[in-house]
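Dock chain B against chain A, hints included.
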Amino acid sequence: MNRWTEKLTFWRIMFVIILAVGMVAGFRRFYLGLGATTGLSDQVPWGMWIGFDVMSGVALAAGGFTLSALVYIFNLKQFHAVVRPAILTAFLGYILVAVGLLFDLGRPWYIWHPIFFRNPHSVMLEVAWCVMLYLTVLAFEFVPAFFERLGWGKAVKVMKIGTPILVILGVLLSSLHQSSLGSLFLIVPNKLHPLWYSARLPYLFFVSAMSVGFAMVIVESYLSSRAFRKELERPIITDLGRAMMVSLIFLAVLRGQDLIGRGSLGYMFQATTEAGLFWLEIGLGIIIPVILVAIPKIRSHPQGMFYAGLSAVLGLILNRMNVSITGMAAKLGDYFPSWEELSITAMLVALGFAAFAWAVKNLPVFGPSPWTGTVVITPALETERVARQAELQPARVSIQ
Amino acid sequence: MVAILVILTIAAFLVIDVLVRRRQLAHQPVRVFASSFVREALQKVWMGNPGLTPADFRPRPDRFYDPGHTFVELEPDGTVAVGVDRFLREMMADFRLVGLVTPGQTVSRGQPIAELRSNGRTARVLSPIDGVVTQLHPAMPDEGVEPPLYSLAPQNLSEHLNRMSVGEQALLWLKGEIGKLQGVAAQLMPKPALVGATSADGGLARDPLVSECDEAEFTKIKNTFGLM
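Taken in sequence, the protein lines are chains A and B. Position 211 (the first sequence) corresponds to 287 in our numbering; numbering is contiguous. Position 10 (the second sequence) corresponds to 19 in our numbering; numbering is contiguous.
In isolation and in its complexed conformation, chain A is listed as follows (with noise of 0.2 Å):
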């Protein structure tokens, strides 16, 4: 077998298929434009790219303000090594929803309009401030690690200062257009149905992207050691689940209030699809989760505590979904999406993967495990070793 043909497993393979199917996909949208290459129509503007690649991408990627907030402003040390990787996740996260934006948009070569053309009454002129401004503090939350690459430790000793204002910034911006993309949805109080509309959206959106921000930092450290071999932090993964069960909990007891206040408890028990998709969603995303986080023997194990995570984050994904599409389909009208709207979010998702797994083969992103010490081997110590073995050589069996 040679190198090249050793290299390409089915997953590698995979990729270049997805990457090939979405650039034409990519292609014939912007050559043919959105209406002859989406579902969508002037009744469905949204869809699956706002539903997914905005609307969960974004949710998805608040693990990085969650750690930030928790290792530098909490001062919760011991959670310092799943930090980056993190900011990792929510980097390549936001620049995918900017890619994803570009698509979904009608004329994207305007995207940079919300600059200087601003509409102080539209909530997305506040999205579009903070995601634009939030992905420049991740770029400089981030940077570090290509320094330390490159070996500028000057510049990273410069950068080190600026973290706690980086956070800070991070933690503020993140805060305000996770709870804005709820926000975007208070105009539609006609449309939505009653089981996701809610005065509430802007926190209950925030609360959820909190947890899930735990959730995603469990499940990308769980892929992450099997995929590169890494040391898992089990500590700090059971302590992410409690985190994680606790905020659950708690947007449980939020979203259990808001349903009971707005007097919408009963839609639950309708046989309709939205029922039926409201209980998958708190099923995945709640229920799940928590019962198996609440599981000593499953919360010492980190399978058990990636299937809880994964569970949330599905759960979550399908929250975004019923709000952006589920939840007005019944007022605007069937909305499927297109080979080619599908494709392109697959070739997001993919890309983002890839990005992920170059970035930790070839950046210092996960911190240093508990076998690697200060990992520096100087010629002087190998010949002290190699005399040394001489010396003491330990009994050698033959194993033929």
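Derived from the structure by calculation, the hints contain no laboratory data. All C-beta atoms, glycine included, are put in the ideal place defined by N, C-alpha and C.
Okay, the calculated beta carbon distance ranges per label pair:
(1) R225(A) with V107(B): 41 to 47 Å
(2) A370(A) with A162(B): 39 to 45 Å
(3) I374(A) with R30(B): 16 to 22 Å
Covered by chain B, according to a simulated footprint, are these stretches of chain A (three or more residues, beta-carbon under 8 Å):
(4) 116-127
(5) 387-399
Below, chain B alone, put in the same frame as chain A:
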């Protein structure tokens, strides 16, 4: 329905990943010497310092140790407790130990009683003694204490015990096994490129000092330590 489509797509990818991974694992090397204290000791040896000693494995003076890395402990009621010794558990820390016997089953010396499993590879632990299984013991959380796997109503006890080591004899035997372990480790990972860099203060080498071995090497290890 779009939401369902998204969730099902993610679920489908996860299922495919599990299947692909299962297939890959079957062809992947397995890790030996994964236990932290074995790793530390091997690193010390690698740097020319004294490594493991028999006392590190805390052999109990009231237990008879078989060359196949099982032990036999005589119970007051005439039965014997049988288990896997700490040496093997530490050496194969990444492996899952699965019992292969059931109460009432007759086992003979040399018959597989438990299986160590990892990445699709298995090493079978052989019974040190003949007899009928009377009771299985639940797994204990601290495996470092050599928990017994099951109890046995023994047959040909004295004959089998003669082949085992106890007390000082067990320590001597363990010393030989440690020598074998270090020898195997030296053969499997003598290359600095594989071992990785080591800190100047005698610190720990980079992961994986833990040796990965292929099918042929794993078979040699099994033969060396009396496994099947």
